[in-house]
Amino acid sequence: QQRWKKANDQGVFKDEIEPIKTKGKKGEEIFDTDEHPRPQTSLEQMSKLPAVFIKDKGTVSAGNASGVCDGAGAVIICDE
746 QQRWKKANDQ
756 GVFKDEIEPI
766 KTKGKKGEEI
776 FDTDEHPRPQ
786 TSLEQMSKLP
796 AVFIKDKGTV
806 SAGNASGVCD
816 GAGAVIICDE
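In this note's numbering, the protein residues as written are 746 to 825.
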């Protein structure tokens, strides 16, 4: 998460994401940054998250699972 923030701040992903303009409640909005990363999180916070599938042996938690936005990206790619 922190590595993503550093890379994003340096403009590493600028050519990777096409800005999209949309109408929001407060007027036009431009989406040009991945909203999924959470650079303010820490390893300590993530280690406290419970496993979500197999409670006693599971390793998937909200901290290491892919977000719902990943599926939406696949739909867009497949649609075109």
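There may be inaccurate statements among the hints.
Unchecked claim - Using 30 Å as the maximum straight-line C-alpha spacing, the simulated DSSO-like pairs for lysine-lysine come out as follows:
1. LYS759 to LYS771
2. LYS766 to LYS750
3. LYS750 to LYS770
4. LYS759 to LYS770
5. LYS802 to LYS768
6. LYS751 to LYS766
7. LYS793 to LYS751
8. LYS750 to LYS771
9. LYS750 to LYS768
Please keep in mind that the hints were generated in silico from the structure rather than gathered at the bench.
Okay, the hints, checked on the actual structure:
| no. | hint | result |
| --- | --- | --- |
| 1 | LYS759 to LYS771 | holds, 25 Å |
| 2 | LYS766 to LYS750 | holds, 23 Å |
| 3 | LYS750 to LYS770 | holds, 27 Å |
| 4 | LYS759 to LYS770 | holds, 26 Å |
| 5 | LYS802 to LYS768 | violated, 45 Å |
| 6 | LYS751 to LYS766 | holds, 25 Å |
| 7 | LYS793 to LYS751 | holds, 25 Å |
| 8 | LYS750 to LYS771 | holds, 26 Å |
| 9 | LYS750 to LYS768 | holds, 27 Å |
When held up to the earlier numbered hints, the structure conflicts with hint 5 and nothing else.
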